[in-house]
Each structure stands twice: as C-alpha cells, then as structure tokens.
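**Student:** Below are the chains, spelled out letter by letter.
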Amino acid sequence: MRTAVRLQNNLKHPEDDSPIKDLDRVIARLRGIVGGRNVLSDETELLCYSYDASHYHNLPDIVVFPGSTGEVSEIIKLANEEHIPVTPRGAGTSLSGGPVPVKAGIVLILSRMSKILDFDQENLTVTCEVGIALRELNRFLSVRGLFFPIDPGSSDTVTLGGMIGENAAGMHSLKYGKTKDRVLDLEVVLPTGRIINLGSKCYKCASGYDLKDLFIGSEGTLGVVTKATLRVSPIPENYDVVSAAFKATADAGRAISGIVSREIPVSALEFMDEYSIDVVRSFTGLPLPEAAAMVLVECQGSREEIQSRLDKIVEILRGEGAFEVKISKTRQEADQLWYARKVAYGAITRRHPTAIQADPVVPVSRLPDYLARLDSISKKYSVQIISYGHAADGNLHPTVMVDERNMEEMSRARLALAEIYRSALELGGTLTGEHGIGIAKSEYFRLEWTDNYVKLARDIKSILDPNNIMNPGKWI
Amino acid sequence: MMQQNSKLEDALFSCNRCGLCHACSPLMQVQHLESSTARGKIWLARCYVQGNVEATQTLIDRLYECLLCGHCSKVCPAGIKVEEVMQSTRRILASAGKAPSTIRRIISNIDLTGNIYGEDVADKPLRDDSDLIYFPGCVSSIKHRGLAEAVLQSLSKARVEVEILEGACCGAPAWAAGYHEVFEKRCESLQAILEGREVITNCPHCQYFLRRLRNVKVRHVSQIYVELLNEGRLQPRKGSVDTVTYSDPCYLTRFLSIVDEPRRVISSIPGLRLVEMESNKENTKCCGNGFELVQNCYPDLASRLAGNRLNEALKTEARTVVTSCPHCYLTLSEVAEQTLKQLKIIDLSQLLSYACLQAEVP
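Which chain is which? The protein sequence lines are A and B, in order. Numbering-wise (the working numbering), the first sequence opens with residue 6 and increments by one. Numbering-wise (the working numbering), the second sequence opens with residue 388 and increments by one.
Honestly, the hints are just simulated from the structure, not real lab data. Among the hints, erroneous ones may be present.
Quick list of in silico lysine-lysine cross-link-like pairs, DSSO-like style, CA-CA up to 27 Å [stated by the list, open to error]:
#1 B/Lys544 <-> B/Lys731
#2 B/Lys485 <-> B/Lys468
#3 A/Lys26 <-> A/Lys466
#4 B/Lys728 <-> B/Lys530
#5 A/Lys334 <-> B/Lys668
#6 A/Lys120 <-> B/Lys702
Each pair of labels, with its calculated beta carbon distance range [stated by the list, open to error]:
#7 B/Arg706 <-> A/Ser147: 39 to 49 Å
#8 A/Phe328 <-> B/Lys604: 19 to 29 Å
#9 B/Glu665 <-> A/Leu28: 36 to 46 Å
#10 B/Glu665 <-> A/Gly290: 50 to 60 Å
#11 A/Asp340 <-> B/Lys604: 38 to 48 Å
#12 B/Gln437 <-> A/Gly290: 39 to 49 Å
#13 A/Lys82 <-> B/Asn392: 43 to 53 Å
#14 A/Asp340 <-> B/Thr726: 52 to 62 Å
Small disclaimer: the values here were computed from a predicted structure and weren't measured. Quick reminder that beta carbons are idealized off the backbone N, C-alpha and C, glycines included.
Modelling step: build the complete structure from the supplied sequences, incorporating the hints.
**Tutor:** Next comes the structure, spelled out in structure tokens:
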C-alpha cells in the first residue's frame with residue numbers, strides 16, 4: 006500500500022487497481038533474478054521513472070535493471086506468468102509518453118546492458134547491447150573515424166534501445182535514414198520470455214518476413230530488444246551549413262519545397278520559427294537572425310561538390326525572399342548551428358512552462374499550407390504554437406506552449422493539438438514521423454488508420470503478447 | 388516565502404525533462420539513478436513543493452546530495468539555475484526541520500561559532516590600518532592549515548602584507564543547506580568586519596559569497612599571484628615535479644570565470660608541464676565535496692565522486708593533481724591517501740610557495 010508518495014497524476018492509477026497482487030513476493034522474485042541492488046521499489050525513486058520528456062506521467066510499482074538477456078528473459082517470464090505490465094524505458098527522452106508506465110507494473114531499464122560486443126571495421130558494423138547511450142557508442146566509434154549517424158535532438162542522452170523502440174530519426178535522416186535503416190540484426194526477448202534473433206548482419210536480407218522491422222518503432226509493445234547490430238558510417242570530411250533568414254514563414258516553406266523538388270543532394274534541411282530562434286539565441290548566445298523563420302541546409306561531399314550545391318541552394322533561398330544568407334566558415338560554426346537546432350526543445354520552456362510537442366509529417370510540397378494552418382490554429386485557440394523541425398521530410402514539431410497548471414489553457418491546447426493532427430492528415434500526412442504514438446497520439450490513431458489496420462495490428466500483438474503485458478494502455 | 392515558493396514552482400515547471408543534464412551529472416556516473424540527475428531532482432522537488440509527496444528520507448537525501456556544482460545549469464537549455472532551485476527547495480525542507488542531522492549540526496556550528504567545525508576562533512575585529520585582508524575560510528583555517536600557511540608564505544615572499552581573518556565561515560554552507568537566516572546572519576557579521584576592505588581568499592566559495600557584501604572587493608589568490616608574477620615579485624624556480632594536471636574547482640570556473648589564472652601560475656614554474664584532464668575548465672567535474680555538506684553528510688558518496696574525478700586524472704601522465712579550492716583539496720586528498728596513493732594532491736598556493744622557496748613538494 007503506497008501511503009507516503011501519491012502523485013497527482015494526469016493518468017492516475019487507482020491504488021486498489023494495482024496490477025501486482027503481491028508486491029513483496031514479486032519484488033523478492035525479481036531480486037532473485039537480478040540481485041537486490043538492481044530492483045527499485047522505494048516510492049521516491051519510482052517517482053523518477055514515472056515520466057519521459059512529454060507531460061505525461063504515471064508511477065510504476067517496480068523498476069528493474071537487468072544485466073543480461075537471460076535476466077531480461079526471466080523477468081519477462083515472471084511478468085507474463087503474473088500478468089504484470091512491463092514498460093521498457095531507455096533514457097526517458099521520448100516525447101510521446103511511450104515509456105510512461107500507464108498501467109504501472111514494472112519499468113524495465115537496460116542501462117546495465119551497455120557493452121559493445123563486436124566491431125567490424127571492414128564491414129562497418131557494430132554489435133552492442135542496447136542500454137548503451139548513443140554518446141558512448143559514438144565516443145567508441147569516433148576514434149575510428151566513424152559514427153552512428155542517427156542524431157535525434159536528445160543525442161547526448163538517448164540510448165540505443167530507446168532509439169530502436171521509437172524508430173528515432175533526427176536532423177540527418179535525409180542522408181542517413183532513420184534508425185530502422187541502420188539496424189541490421191536484433192536480439193529480442195518476446196513477451197513470453199523466448200529469445201529470438203531477427204535480421205542478418207548483411208546489408209541486404211530478403212529471407213522470410215521482415216520481422217526485425219516489426220519490432221523497430223513498436224514502442225516496446227511487442228517485446229524487449231536487447232542487442233542490435235548497426236551499420237555505421239565514416240564521419241564526413243567536409244560539410245557546410247547555410248542559414249537563411251526569412252520575413253515570412255510561407256517564404257521559408259516555399260524555399261524548402263524548392264530545394265527538395267530540384268533534388269539537390271543535401272544532408273540536412275531544417276526549419277525554425279521566430280520563437281524557437283529567439284529562445285535558442287537566448288540560450289546559446291549565437292548571433293541567430295531576428296527573423297520570422299530560419300532555414301538551415303547542410304551539404305556534404307568534396308569541396309567542389311559542396312560549392313556547386315551551395316550556389317544552387319543560395320539562389321533558391323534568395324529567390325524565395327531570404328533577407329540574410331550565411332554560409333558557415335568553419336566546421337565549428339556549422340556544428341554550433343546544429344547544436345542550436347538540437348537544443349530547441351529544451352529551450353522552448355524558457356518562457357512557457359509546458360511544451361506539448363507534436364510530430365506530424367506532411368508531403369513536403371504541402372509544407373507552406375501546413376505552416377499557414379498552424380498559424381490559424383494558434384489564433385483560433387489562442388495558444389502559442391512554436392514550430393521547428395525536419396523540413397525536407399515534411400516532419401515538423403509544432404509545439405503548443407501552455408502552463409499545465411492552467412486547466413482552461415490545457416483544454417484549449419488539447420483542441421489545438423487535435424486540429425494540428427487532423428490538418429496533417431487532411432493534407433495527406435501522417436501523425437508521427439519519429440516520436441511514435443505513445444500516449445500523446447493514441448486518441449488520434451483511429452483518424453489515420455482503418456478498422457482493418459487496427460484489427461491486424463491487434464492480431465499481431467495478441468499472437469506475440471497474449472497476456473498484453475508489454476507496454477499496455479497505449480495506442481494498441 | 389509564499390512569493391518565493393511561487394517563483395520556485397515556476398522554475399520547477401520550466402523543466403521539460405529534455406534530459407540534456409544527464410551526460411554531465413557527476414552523481415549519475417556513480418549512482419546510476421534517474422534521481423541523481425538534475426531532471427530527477429527537479430521532478431522530486433516539484434512533487435514535494437506542490438504537496439503531492441511527503442519528504443521521505445530518500446527524497447531528503449536525493450535533494451541534499453546535489454553538489455550544487457552548476458554543471459547542469461550550464462547545459463540546461465531552459466535556463467534553469469539548478470543550484471538555486473535546489474537551494475530554494477532545501478529552504479522549505481530546512482524550515483520544516485527535514486534537513487539531515489549532520490547538516491543541521493554543521494549549520495548550528497556556523498550559527499554559534501562562525502565556522503563549520505564549531506571552533507571558537509571566528510570574527511575577531513580587524514586592525515584599522517590593514518589594507519588587505521586574507522580570508523582563509525573554514526577549511527584552510529582549521530582542518531588544513533597548511534593551505535593558509537602556503538598562501539601566507541607566497542605573499543610574504545612577494546612582500547605583501549595582509550591581516551588574517553582566521554576561522555571565519557563565509558556562510559556558503561548555510562546558504563547551500565537552505566538555512567537562509569543563518570546565512571544572512573553570517574553576511575551581517577562579515578559586512579561589519581569587512582566593509583570597505585580588500586579581501587583575498589584561496590576559497591572560491593568564500594570569494595563567490597563574500598562578493599555579495601556591500602563595498603567589499605574580493606579576489607582569489609590566483610589572481611593576486613598572476614599580478615605578483617607579472618611584476619616579478621614572485622620568482623618560482625624549477626622543482627622536483629615536472630608534470631601536473633589541474634582540477635578546476637566548480638565555483639572558480641563556472642561561477643567566477645577564473646580559468647586562466649591558476650594555469651598561468653602553474654606555467655610560471657620553470658620546467659613544469661601542465662596536462663589537461665578531459666573534463667576541464669567550464670566542463671570540470673565536481674570533486675564531490677558539495678559545500679562540505681555532501682562531504683560530511685554523505686561521505687561514501689563524496690569519496691566515490693572524488694575517486695571518479697581522480698580516475699580521470701590517472702588517465703593523464705601526471706601523478707600530481709593541483710587544485711585551487713580548499714574543499715577540493717580536502718576531498719580529493721582524502722581519497723588519494725586512502726585508495727589512490729599513486730596520486731599526490733597539492734594546492735596551487737602550496738605548489739607556488741614550494742617553487743618560490745625552492746622546497747621539495749613533500
């Protein structure tokens with residue numbers, strides 16, 4: 006019985022509805038599997054595993070840190086036997102509420118499983134346990150001239166497991182793809198505790214169903230990924246970043262569309278609106294422009310290739326009304342601009358306490374329309390909507406800025422978010438590009454998918470997870 | 388207080404849990420818990436300040452374990468001053484009588500005797516004709532007097548006359564522990580003694596907090612040494628140590644931006660080479676002392692943090708670690724003496740005074 010700690014949850018789990026019948030016995034069994042130090046049941050510690058980077062939170066009953074695939078399997082077998090919900094969690098930087106334990110139960114954290122198991126320089130692959138932090142993996146790779154090129158905004162914190170669970174992407178997905186495109190092979194503990202290997206260490210594999218990809222981006226609803234073999238890339242020798250400032254977001258939208266439609270090979274193309282430029286400038290002290298919008302474009306290649314691409318890009322940017330176009334003079338300058346873009350989510354709460362971030366994608370040609378719609382949604386519901394994101398993918402992060410303590414403001418925010426998602430779907434888009442459905446988009450899921458889709462997804466889920474223990478209470 | 392709490396609540400709510408504070412958290416590196424990070428501590432503080440949870444022992448420990456080293460504030464895009472947020476939350480805990488007993492004892496010492504050790508030596512009146520006051524702070528006055536002696540030897544070698552205000556606490560631990568009234572009382576006592584004076588100190592915390600006093604100019608000894616070296620009034624000679632690394636104290640670098648001066652002092656010694664640790668300058672890692680609060684209340688944790696810092700030093704070729712904060716000296720040297728005997732910890736003033744007196748580093 007929890008008495009000392011009771012959090013006013015927006016997803017409050019009633020005490021008498023605990024999924025664990027005999028908590029002490031389950032804790033003792035888990036301690037028998039992973040050792041006493043690796044099970045947390047102290048109520049204060051549990052509070053810190055109730056959240057991710059979204060505004061959702063709910064207390065788990067237990068947090069467990071397994072040290073091997075065998076231990077994960079034993080934990081899952083126990084949970085399956087006792088019908089205890091299990092929610093896998095990486096570093097808790099998800100923006101969808103994905104790792105929030107909606108049905109309480111066990112939060113499973115693989116941070117003790119962070120070993121690099123194999124590195125193949127000739128084939129440019131690395132195999133590791135997925136509890137490894139991306140920054141540690143890249144520290145290992147960088148001395149070998151390589152990196153794992155998927156770079157979400159949380160790349161300093163995120164773990165590989167979290168990236169696989171959410172199919173993370175980032176600013177360079179134009180060139181390097183999403184996590185899915187970089188994972189060759191997976192070891193997964195299924196919801197029954199069975200351990201399975203999926204995929205191949207080869208770059209191509211058409212052997213059987215592509216079950217590996219079913220697990221990537223499944224948000225921990227189908228099993229626990231424990232190991233992965235990844236395709237890594239050489240760190241680019243040369244890259245330059247162009248930053249262009251616009252007086253109107255629509256002009257920036259057209260410029261983005263223009264660059265994409267002319268198929269100029271760029272490695273990243275990002276958009277930031279006035280407020281996001283403003284807060285990032287205030288945090289980093291970088292001389293970012295006073296503008297309604299900024300577009301950042303990166304080109305990689307030989308010096309000659311970069312120059313020729315830059316010439317075309319600058320012409321388009323200016324043609325669409327950019328009043329200031331700057332090209333990074335040094336690698337450090339380019340990296341600073343990417344750093345500025347990366348910290349945007351963290352920085353936006355400088356003036357509003359609560360950031361509710363969406364992740365819709367629209368066809369890139371519809372980006373100017375979508376930006377205009379966001380503007381009218383903001384006016385209609387009197388909420389500030391900040392936008393930035395991966396423009397060339399048509400993947401924006403419109404973020405509704407509110408104060409979660411203000412209930413009236415929160416209801417307006419909810420209406421605005423519903424319209425943000427509906428508008429993206431109306432323009433031929435999708436609910437999420439890289440953050441996953443989680444809790445945040447669960448209620449809109451049926452707007453995008455037919456009954457047949459949902460039935461098939463549920464059938465697959467019930468075959469793999471008959472007792473619905475894996476990350477229950479989310480979209481599926 | 389109510390207005391303060393509302394300001395605190397706003398700051399706590401502005402954390403959107405982006406997690407950028409994880410990588411820099413020295414506590415995370417030894418405890419491996421979400422509650423070790425600024426994000427976790429801010430969440431706990433938020434739950435507590437809102438009245439949603441009680442002050443359990445774990446909550447009290449996690450909030451008092453924070454070193455207030457300021458590293459997470461530097462990387463926080465939301466601009467949260469984590470050390471201030473923790474201090475404000477501790478004020479609420481302290482006023483509810485929830486501060487750990489070891490910390491209460493330290494604060495009571497400061498309140499009753501004017502220093503953390505409870506030694507009755509503080510706050511003597513100064514001579515009217517003293518131009519320059521040396522303020523050694525608690526550690527250099529009482530626990531490690533050798534540090535104050537080294538400062539005085541270096542100053543005397545340069546014929547700088549000072550009067551010492553020995554055994555007086557600047558009040559920083561009281562501030563850090565959330566005992567604001569004790570801190571204010573210390574400030575008032577020191578204001579009366581130091582007003583209109585020029586003060587030098589070898590303690591970054593003392594420097595930072597004495598700067599809050601009106602009409603008192605405070606400088607760190609490293610700044611004075613650089614001047615004396617430039618004027619040729621200190622002439623260090625080659626000594627027996629040829630390579631050192633330097634552990635930047637958090638308050639000296641992140642809060643006072645004194646980064647180059649200690650390095651200039653080190654490089655003024657002929658034949659001495661400085662090799663940098665990976666976490667240096669503004670990205671320095673805390674030694675684990677945490678305003679003497681973590682050192683005294685959570686000594687095992689402080690030792691593990693110091694061990695982590697020293698293991699980074701071991702990755703350099705140097706086997707002598709220089710620091711310029713008495714608290715860093717205290718915590719690092721304890722761990723070096725106990726478990727990392729291959730490392731020698733030396734204070735900047737000691738290094739300089741040995742070099743000026745042509746004495747061997749012991």
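**Student:** For each hint, tell me whether it holds in the structure or not.
**Tutor:** Going down the list of hints, with the structure as the test:
1. B/Lys544 <-> B/Lys731: 25 Å, holds
2. B/Lys485 <-> B/Lys468: Satisfied, since the Cα-Cα distance of roughly 23 Å is no more than 27 Å.
3. A/Lys26 <-> A/Lys466: 24 Å, holds
4. B/Lys728 <-> B/Lys530: 21 Å, holds
5. A/Lys334 <-> B/Lys668: Distance of about 26 Å is within 27 Å: holds.
6. A/Lys120 <-> B/Lys702: Measuring from Cα to Cα gives roughly 21 Å; hence the hint holds.
7. B/Arg706 <-> A/Ser147: 39 to 49 Å: Roughly 28 Å apart at Cβ, these two residues miss the hinted range, so it is violated.
8. A/Phe328 <-> B/Lys604: 19 to 29 Å: 47 Å, violated
9. B/Glu665 <-> A/Leu28: 36 to 46 Å: 43 Å, holds
10. B/Glu665 <-> A/Gly290: 50 to 60 Å: About 24 Å separates the Cβ atoms of B/Glu665 and A/Gly290, which means 50 to 60 Å is violated.
11. A/Asp340 <-> B/Lys604: 38 to 48 Å: 40 Å, holds
12. B/Gln437 <-> A/Gly290: 39 to 49 Å: 33 Å, violated
13. A/Lys82 <-> B/Asn392: 43 to 53 Å: 48 Å, holds
14. A/Asp340 <-> B/Thr726: 52 to 62 Å: Violated - the Cβ-Cβ distance for A/Asp340 and B/Thr726, about 38 Å, lies outside 52 to 62 Å.
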